[in-house]
Amino acid sequence: MNIYERIQTLSPDQIRQQLSGISKSEVEYALGKSQLSERDFLALVSPAAEPYLEEIAQKAHHSTRRHFGNAVFLFTPLYVSNYCENTCQYCSFARQFTIDRKHLSVSEIEEEARLISSTGMRHILILTGESRSKAPVSYLREAVSVLSEHFASIGIEVYPMLEDEYGTLIRAGVDSLTVYQEVYQEDVYAELHKGGPKEDYRFRLEAADRACRQGIHAVTVGTLLGLNDFRVEAFYVAVHVKHLLDTFPGTEVSVSLPRMRPLVSDFPVPSPVNDRHFVQLLTAFRIMFPSVGITVSTRETAGFRNNILPLGVTRMSAGVSTAVGGHTGCGSTTQFEIADTRSLSQIKEELLNRGFQPVLHDWNSKLLSHDVI
Amino acid sequence: MTQTTHDELIIKGTSVRSRLITGSGKYRDDRLIKDVLEAAECDIITVALRRVDLDRSEESILNHIPKGKILLPNTSGARNAEEAVRIARLARAAGCGDWIKIEVINDQKYLLPDNDETLKATEILAREGFVVLPYVCPELYCARRLVEAGAAAVMPLGAPIGSNRGLRTRDLIEVLVSEIDLPIIVDAGIGRPSDAALAMEIGADAVLLNTAIAASAEPVSMARAFRMAVQAGRLAYLAGLATESLHARASSPLTGFLNQ
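Respectively, the protein sequence lines represent chains A and B.
In this text, residue positions in the first sequence follow the working numbering: the first is 1, and each later residue adds one.
In this text, residue positions in the second sequence follow the working numbering: the first is 1001, and each later residue adds one.
Any given hint could turn out to be false.
Claimed, not checked - Short derived list, chain B residues pointing at chain A, Cβ under 10 angstroms: (1) Gly1025; (2) Asp1029; (3) Asp1107; (4) Ala1232.
These aren't lab readings, by the way, just hints derived from the structure by calculation.
Each residue gets a CB set at the ideal place from its N, CA and C atoms; glycine is no exception.
So here's chain B without its partners, still in its complex pose:
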């Protein structure tokens, strides 16, 4: 495992050991969060600012997050760039740090992110010194603009939020992995550890998932399963996967005559 000890993920200058990021919502009991984070060995945890009671710190979900973790507040509930910017500033003012996951959703049916508005919010917040992680539909031109805007990573969705449909956008994510010089963090849609492993195998730098752990019958075991899947996928990517072939090697090759 000597290879992986040097295999750090760097996000805007901050070195992160774990390539699994998880959320804090949807648990049957917030007290589970601590055990899940331990089992998942996460360094970063995302929390919806809309769920944080800023007026009553004793009731706050933040109390269940162990110290030493990087808090990644998200702008869930924002419908446009302006609202996302406002929520991000509130998060910072509330002591949640400089990291922000931009989530701009203006469609409650599909819960797909609005890339244009996300880009606008990224431009503004990056200028204000935030470490901006935008959640987007995987799209090359948008990703390039996010790089220019000063994003710290790009977070393409694997499938719509909460769908557990796996890596439906695989081909588009592969384009981002190959073209974008920022960490690519696959966010949303990952339902099984094998989905997470696949995301890592194709070269994603990390995965963010919540429902698959939080809504499982045994969240702590599931967290461990995802940790192992992410590590396995990463190791496989670094080791270099053998190319796939649909066909067995032909015993009478079509070009055999060239050797005669």
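One chain only, chain A, in its complex shape:
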């Protein structure tokens, strides 16, 4: 069954009903297991699991230590274009907002790259709004070829593409893809994404599959926490991650937990997720998927990020600007307000002080590039 069909078989009402029916003993049973089923995951994110949060956190901590030791992998996003044809009310880049629109030329990208790279950063994630006319695949390909001169590994977090377009970018040096579904519950998704190419729920949902089929090294998926019932969304993410692990066992799969931050619009967060619930999700994902990477962004504050490090976080962005051209100082409007403004060197130092190893180099696109040897 493909992921779209699979998600369709799981109605949100059914999931909610199951969630409310979970008993304490089911939570204890899930906690005692070494390999969790989807039902066990649901138990860990259920209201019944809330009194067990410390126990769940302890288990998540030990699992993280065994699989990842003390390593925390660092990367930074590079916003190259904020032109967007979508209307997502929750995003500052949406087409209806009057903001400074900016699109970096290839030489501007190189300038930003030089500056970021001089801080010691080795992994870069290219971000754009969804505009094929302003940021076509050919433009991204040029960006990749410039960036590969400065970075060990290049990821993309851009609009969903066709399979052969992913192939083109992978061959140019892209080794990881990040694509958030934002909302997995299809009717809520439809409500939030009217007009613009993002209307196509299924095309976005299956983007990770297309990149995996083209042999990408790593993919990251996730939901934007705050847009819908977080327990239901977490369950869909778990189903998606499991689908990717089962279908593409060789691909490194990560999950990200972006939580909504203030924007230029006064869009009210429909279903805010508090810190306690955030930790419940983080630890449930860690226990369900011991070998999967978990990313936490600078949407979270420095203090909160420090506190959740031992609970399963293995990847963090650092030295972040969410503005196009933000590193060279002539930046546009930011996509969202970042809460952790620490520089790379500050984050490195703080990680070391807390007993973690900042990893700046965890992959090199040259390792698999065909023209090296």
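Since chain A is already given, all that's left is putting chain B on it; use the hints.
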């Protein structure tokens, strides 16, 4: 201890004093690596090439590895033979020497090695003059083919990577110890010094472990503990362990009538 001074481990003609091999990843601070290696008295250290920044030598993890150690780069991140071969060649081109641990993993859930692809990579790299140490699921026929392919050792897993579950594959490793005429190095799964001692007691030639030391609260003390466990297990193996018996000797033996 005169006996152990002559008890060298020979890997492809190279004599190695220590039967404990450790890794370089997962430490809270790379500066600990030097102290750990000293406490563990390791001669060989494995390093994931994916973590080595080949473009920026000043940031490289290799700077934390003392001179005089045998560097064993591994092909972590390779999903098939072709990728492992490419990573091995890059390691050699980067000055990491001729030793290579082949690690081909095409399943991120269990992190189990792919024996078929590992064998293919071993054949190619051994022909190119590498000292090849393949990481495999313990399996007799694969091990025999690895011998033919020119492997320098066979590295069966005790349990999946990072699981700390101990010597779950003990019976299969015992088959390799008894049948394969190459050093058998138990790699992965060893969580406690007693697991390492057990591996050595059943006749493994060495053990490779990383997480149990690197992720412990006191890596240097843990390194010392593992060194002692490996030495104790080896000594016990050489001395010849008394056979185990589940039953006390019966005072009225069933065959006693034969003596009457």
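Against the structure, the hints:
The interface hint given for Gly1025 (chain B) is met, as the beta carbon of that residue sits about 6 angstroms from the closest beta carbon of chain A, less than 10 angstroms. At about 6 angstroms, the closest approach between the beta carbon of Asp1029 (chain B) and any beta carbon in chain A falls short of 10 angstroms, and the interface hint on this residue holds. Checking Asp1107 (chain B) against chain A: minimum C-beta separation of about 4 angstroms stays under 10 angstroms; hint holds. Restraint check, Ala1232 (chain B) versus chain A: the minimum CB separation of about 25 angstroms is more than 10 angstroms; hint violated.
The structure shown violates just one earlier hint, number 4.
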